[in-house]
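Peer 1: Spelled out, the chains give:
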Amino acid sequence: MQRREFFKTLGTAAAVVAVTTPTMSFASAPVSANKLSYEDALHAITGGKTPKESSVVKLKVPEIAENGAVVPVTVEVDSPMTDADYVKSIHIIAGKNGNARCIDVHLTPANGKAMFATRVKLGGTQKIAAVVALSNGEFFIASQSVKVTIGGCG
Amino acid sequence: MAKRKSLIKIKPKKYKDGEVVKVSFMVMHPMDTGLSKDKKTKQIIPAKYINNVKFTYNGKLITTMNVWETLSVNPVFTTYMKINGAGNLVVTYTDNTGESHEKTMKIKPKG
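Keeping their order, the protein sequence lines are chains A and B. When we follow the working numbering, the leftmost residue of the first sequence carries the number -10, and every step to the right adds one. When we follow the working numbering, the leftmost residue of the second sequence carries the number 0, and every step to the right adds one.
The following block holds chain B by itself, in its conformation from the complex:
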């Protein structure tokens, strides 16, 4: 299983309790559609794409996404989130081959 790089970004960087902030989750993933051919081996590359993405904040499910292969390579998912106390933001994804990945970010509101 390949190890994937992922990143969670929050904008603005400094935020207060109760503020609504922009959260984006990026992951390095091939998102193969199963239609294209490898140029060297002339073989069809099998489909491999993210199925499901979940945003969990302090154990509470905020956002769930059902994804199909139509998204770009190395997809980005951007939504908003209301800061509600310190805790962990956990983003998990699974893909159609059963691969899953988890990324955690600590939420520390100031002021």
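Bound conformation, chain A alone:
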């Protein structure tokens, strides 16, 4: 009888250990301080308006990026850039990154040409979008998916 009870207590102890260890390992995983999803980032930029798909915005991203740590992104907008009609800002959003918002660029007519280029980190295969705000309050969007072979976040 004593032997049987000993095995019972041993079994319950093992079960408790099995349940508690995975939850502990989840708690230690780091999370981005300013975590933001694609939809939330888009809402923060446009303020609830739905941006139009347009050929005015030209987004240049490689279709296959071998290294996710350095992905060149170029956004160009057809605009006269005069005081009456110019591009107010260009935003780049990466769909599946921990923080989807990459950069906001606020332009003025003194720029002469509405273009912005930079390099971003991508965690995996995902969609990149460029949102453009014009001076008359309109929003345009262009997007493209990028295949990433090796992720570059963290």
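Just so you know, not all the hints are guaranteed correct.
As the list claims (entries may be wrong) - For each label pair, taking beta carbons as the anchor points, the in silico distance ranges come out as: (1) B:MET25 <-> A:ASN56: 31 to 41 Å; (2) B:THR96 <-> A:LYS(-3): 32 to 42 Å; (3) B:ASN73 <-> A:THR(-2): 51 to 61 Å; (4) A:ASN56 <-> B:VAL89: 27 to 37 Å; (5) A:ASN125 <-> B:THR40: 52 to 62 Å; (6) A:GLU42 <-> B:THR40: 44 to 54 Å; (7) A:LYS49 <-> B:GLU98: 28 to 38 Å.
As the list claims (entries may be wrong) - Think about it this way: if two alpha-carbon atoms lie no more than 27 Å apart in a straight line, the pair counts; the simulated DSSO-like pairs of lysine-lysine are: (8) A:LYS47 <-> B:LYS53; (9) A:LYS47 <-> B:LYS10; (10) B:LYS38 <-> A:LYS102; (11) B:LYS4 <-> B:LYS107; (12) A:LYS102 <-> B:LYS47; (13) B:LYS107 <-> A:LYS102; (14) B:LYS8 <-> A:LYS102; (15) A:LYS77 <-> A:LYS49; (16) A:LYS136 <-> B:LYS36; (17) A:LYS77 <-> B:LYS53; (18) B:LYS38 <-> A:LYS116; (19) A:LYS47 <-> B:LYS81; (20) B:LYS38 <-> A:LYS85; (21) A:LYS77 <-> A:LYS47; (22) B:LYS59 <-> B:LYS13.
Because the hints were derived from the structure by calculation, they are not lab data. Built from N, CA and C at the ideal position, the CB exists for glycine as well.
With the hints as your guide, set chain B onto chain A.
Peer 2: For chain B alone, coordinates are given in the frame of chain A:
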């Protein structure tokens, strides 16, 4: 505070008054996301990334950028700018730990 190397490039190198030129600003910055671990010490590297970049030309603000940690290590910012007389182009940035840096370039249009 670490001293950072930075560079302003203008293309084409020779430009006239009123011309629209390409300006790129490069800076050596780690852009840590706060997610990765140091391989030796097994400690999480704290987040350190550029927050804000400003392009000022002759005291007039041309371009401002709000930046998050998603940009690459040693980031490059490229835009266009209209040359409007001789003067200084000043690019400043601040990061989330309060570090700031300034780089000046003299603009000398020819012809």
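Peer 1: It remains to establish, for every hint, whether it holds in the given structure.
Peer 2: Cross-check of the supplied hints:
1. B:MET25 <-> A:ASN56: 31 to 41 Å: Violated: the Cβ-Cβ distance is about 18 Å, outside 31 to 41 Å.
2. B:THR96 <-> A:LYS(-3): 32 to 42 Å: 56 Å, violated
3. B:ASN73 <-> A:THR(-2): 51 to 61 Å: 59 Å, holds
4. A:ASN56 <-> B:VAL89: 27 to 37 Å: At roughly 33 Å between Cβ atoms, VAL89 (chain B) and ASN56 (chain A) fall inside 27 to 37 Å, so the hint holds.
5. A:ASN125 <-> B:THR40: 52 to 62 Å: Check passed, 53 Å falls within 52 to 62 Å.
6. A:GLU42 <-> B:THR40: 44 to 54 Å: At roughly 48 Å between Cβ atoms, THR40 (chain B) and GLU42 (chain A) fall inside 44 to 54 Å, so the hint holds.
7. A:LYS49 <-> B:GLU98: 28 to 38 Å: 31 Å, holds
8. A:LYS47 <-> B:LYS53: Holds: LYS47 (chain A) and LYS53 (chain B) sit about 24 Å apart, inside 27 Å.
9. A:LYS47 <-> B:LYS10: 21 Å, holds
10. B:LYS38 <-> A:LYS102: Between LYS38 (chain B) and LYS102 (chain A) the Cα gap is close to 44 Å, so the pair fails against 27 Å, i.e. violated.
11. B:LYS4 <-> B:LYS107: 23 Å, holds
12. A:LYS102 <-> B:LYS47: The hint is violated at about 31 Å.
13. B:LYS107 <-> A:LYS102: Distance of about 20 Å is within 27 Å: holds.
14. B:LYS8 <-> A:LYS102: Satisfied, since the Cα-Cα distance of roughly 17 Å is no more than 27 Å.
15. A:LYS77 <-> A:LYS49: 20 Å, holds
16. A:LYS136 <-> B:LYS36: The hint holds at about 25 Å.
17. A:LYS77 <-> B:LYS53: It holds: about 15 Å lies between the C-alpha atoms, which stays within 27 Å.
18. B:LYS38 <-> A:LYS116: 30 Å, violated
19. A:LYS47 <-> B:LYS81: Holds - the C-alpha atoms of LYS81 (chain B) and LYS47 (chain A) are around 21 Å apart, at most 27 Å.
20. B:LYS38 <-> A:LYS85: 25 Å, holds
21. A:LYS77 <-> A:LYS47: 16 Å, holds
22. B:LYS59 <-> B:LYS13: Roughly 22 Å between the alpha carbons, so the hint for LYS59 (chain B) and LYS13 (chain B) holds.
In terms of the numbered hints stated before, the structure departs from hints 1, 2, 10, 12 and 18, listed from lowest to highest.
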